[in-house]
Amino acid sequence: MKTTDASQNDVIKINDLNKWYGDFHVLKDINLNVKEGERIVVCGPSGSGKSTLIRCVNRLEEFQKGSLIVNGVEMIEDIKNIEAIRREVGMVFQHFNLFPHLTILENLTLGPIWVQKQSKADAEAVAMKYLERVKIPEQAHKFPGQLSGGQQQRVAIARSLCMNPKIMLFDEPTSALDPEMISEVLDVMVELAEEGMTMICVTHEMGFAKKVADRVIFMDAGQIVEQNNPTEFFGNPQNERTQLFLSQILAH
Amino acid sequence: MQEFKVLPDLPAPVKTVGPVAWLKNNLFSSWLNGLATIVVVAILAKLLPGLLDWLFFSANWTGTSQDACTKEGACWVFINSWSKQFFYGSYPDGQLWRINLVLAMLVGIITLSIFISKEYRNKIVVPLFLLLPFIGLIILDGSLIGLQVVSTDLWGGFTLNVLLAAASIIVAFPLGALWALGRRSEMPLARSISIILIEFFRGVPVLALFFMGSVMLPLFFPEGTTVDKLVRVWIVLVLFMSGYMAEVFRGGFQAIPKGQYEAADAIGLGYWQKNALIIFPQVIKVSMPNILATFVMLFKNTTFLLIIGIFEMLSTAQTALTNSNWLGGHSTEAYLFVGLVFWVCCYSMSLIATSIERKLNTDHRN
Ligand SMILES: Nc1ncnc2c1ncn2[C@@H]1O[C@H](COP(=O)(O)OP(=O)(O)OP(=O)(O)O)[C@@H](O)[C@H]1O
Ligand SMILES: [Mg+2]
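These protein sequences, in sequence, are chains A and B. If you read the first sequence in the working numbering, its first letter stands for residue 1, the second for the next number, and so on. If you read the second sequence in the working numbering, its first letter stands for residue 253, the second for the next number, and so on.
No lab work stands behind these hints, which were simulated from the structure alone. Don't take every hint at face value.
[To be verified] Label pairs and their computed distance ranges (CB to CB):
| no. | chain 1 | residue 1 | chain 2 | residue 2 | range |
| --- | --- | --- | --- | --- | --- |
| 1 | A | 138 | B | 380 | 53 to 61 Å |
| 2 | A | 138 | B | 511 | 24 to 32 Å |
| 3 | B | 347 | A | 138 | 55 to 63 Å |
| 4 | B | 552 | A | 76 | 47 to 55 Å |
| 5 | A | 214 | B | 525 | 29 to 37 Å |
| 6 | B | 464 | A | 148 | 54 to 62 Å |
| 7 | A | 47 | B | 283 | 32 to 40 Å |
| 8 | A | 76 | B | 523 | 17 to 25 Å |
| 9 | B | 292 | A | 180 | 54 to 62 Å |
| 10 | B | 398 | A | 164 | 50 to 58 Å |
| 11 | A | 138 | B | 258 | 25 to 33 Å |
| 12 | B | 607 | A | 76 | 48 to 56 Å |
| 13 | B | 375 | A | 33 | 33 to 41 Å |
Bear in mind the structure is a predicted one, so any value in this text is a computation, not a measurement. Even for Gly, the Cβ is constructed at its ideal location relative to N, Cα and C.
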């Protein structure tokens, strides 16, 4: 469904989105528009619904009320629509979720070959290009289990990029990593942001948020409590919940 | 700066290695254990000499007829004279190469699947495996390719056990996978059909299934067609095995983390692609020991076919025992031999299963 209102360059439009798990109301009246090239960081306490929200964007979760339009395609039950949206949206998970039975290169080429019907040679060329960008081309023929956590997460980012997505979703990409590996992953994400990728990142890496985010969103109890540019958000938080949260995570 | 010194490796203390320590640890670790060891050794000392004498020293090894069995011990002449039937049934003498060829193909494909590079395994070995039962059928039957036609009443012996078990698992593998997927499906119809099929074929004793196969299955075929008895048995074995395989796979599916599905979804793979490319290969890997165990069970169950008059190895042995030239009471030898052959096969398969299991356990996976 094409829409033709003023916000033409919004690649994601979320309107009054509500979601329940059984009786439990996880997302309440979420409204969020994301412009092309915009970098959004989502933070908030555990259980506030951050993961659930970004998982709704590529329909890993379904919602019961409201509307969600990604890249001009409305998210409805139709399988074809879901697959069309998933082709535009890449996702990076907290636990990498690489396919352990496939080599790194196969992990990267699987989507391009089977979903986008590229030839194997083309897909491998693109995959090597992205492996070089995340600085681990020499690992192409290893299996995920042979790589460190940071390397695996960079592979996972490259795997998403191989599908040439318009939007990238990150769900706490560094929180399962040992401290010394966090920066290698963040570096890749910063580069990606600087190239103009539209990104929604759930993360508690506030340094990253300050450096690249156009907008920081704070969620609590299934609602968007506050959103602002990083300077204002960190320097002058409005809501008491935000203040409390920031004081807690910045305390150490 | 201080230098780091590597300490030399010292030999382990004598008490923990060597035969004396082994004896102490394994046979006499406690007084109860020691008592058990003594009792077992005493029983063995009483029985073993007689047994060995019967099995080997006083046994009759050479000859062609029962009259050669003059000594006290076992009459291995009996096994010797019937060995062809034990292995090949009544398949015509000049045509035995056909059975050997099919068996060789089976062994060949299994060997190939171990040594071939991963890339070609799915493209070459899997189709070969799936084609093998049908190629085997054509070669053994012979009518389609202009060889002497050998009707299935003549097929028999141990090779029939092997071929039936192999042909069954090859078809049951994809069918069981399909049922397992159906059982996990969100479509109520697919799910209920799968559950009914799986529970039926697992719940009914295999003997009852064989009887149903020979009596009831013909009712499902169009009027006037007669379907070969062996094919009916094959169908029953396939369905029976599929029920068990579906349950084995179900366990495997449960071992796959949710993140694998989500990652596959996020890439945009469809339902069948996701299952065929991501989920199922991992399911097979974690289920391998159970798959082999189930196959061992199926393989042993093929001996039940003697009940409905299929000349597999056990019924061949019984026929041999009632042959008028061999009425000397050789049943101990016959059943020992059949038991030994099956035991060797099943034990080697469980050894393979154990080694796969060990390999999987040391596999680093996330
Ligand atoms: N499949 C599910 N069924 C029922 N409740 C769920 C399910 N998944 C999540 N929830 C609940 O929904 C709420 C939001 O979960 P969500 O994973 O979105 O939180 P989060 O903000 O990402 O938290 P975290 O920082 O711990 O990842 C939590 O209270 C969680 O317990
Ligand atoms: Mg989360």
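Against the structure, the hints come out as follows:
Checked against the hint of 53 to 61 Å, the pair residue 138 of chain A and residue 380 of chain B fails, with Cβ atoms roughly 35 Å apart. Judged by the Cβ atoms, the range 24 to 32 Å given for residue 138 of chain A and residue 511 of chain B holds: they are separated by roughly 26 Å. Checked against the hint of 55 to 63 Å, the C-beta distance between residue 347 of chain B and residue 138 of chain A comes to roughly 57 Å, which is consistent with it. Our hint of 47 to 55 Å for residue 552 of chain B and residue 76 of chain A holds, since their Cβ atoms are close to 54 Å apart.
The hinted window of 29 to 37 Å between residue 214 of chain A and residue 525 of chain B holds, with their beta carbons roughly 36 Å apart. In this structure the hint that residue 464 of chain B and residue 148 of chain A lie 54 to 62 Å apart at CB holds, the actual value being about 57 Å. In this structure the supplied range 32 to 40 Å is violated for residue 47 of chain A paired with residue 283 of chain B, their Cβ-Cβ distance being about 58 Å. A hinted range of 17 to 25 Å for the beta carbons of residue 76 of chain A and residue 523 of chain B is consistent with their spacing of about 18 Å.
Taking 54 to 62 Å as the suggested C-beta distance range, the pair residue 292 of chain B and residue 180 of chain A conforms, at roughly 57 Å. Residue 398 of chain B and residue 164 of chain A have their C-beta atoms about 56 Å apart, which keeps the hinted 50 to 58 Å range intact. The hinted window of 25 to 33 Å between residue 138 of chain A and residue 258 of chain B holds, with their beta carbons roughly 30 Å apart. Evaluation of the 48 to 56 Å hint for residue 607 of chain B and residue 76 of chain A yields a pass: the beta carbon distance comes to about 51 Å.
Roughly 47 Å separates the CB atoms of residue 375 of chain B and residue 33 of chain A, a value that falls outside the hinted 33 to 41 Å.
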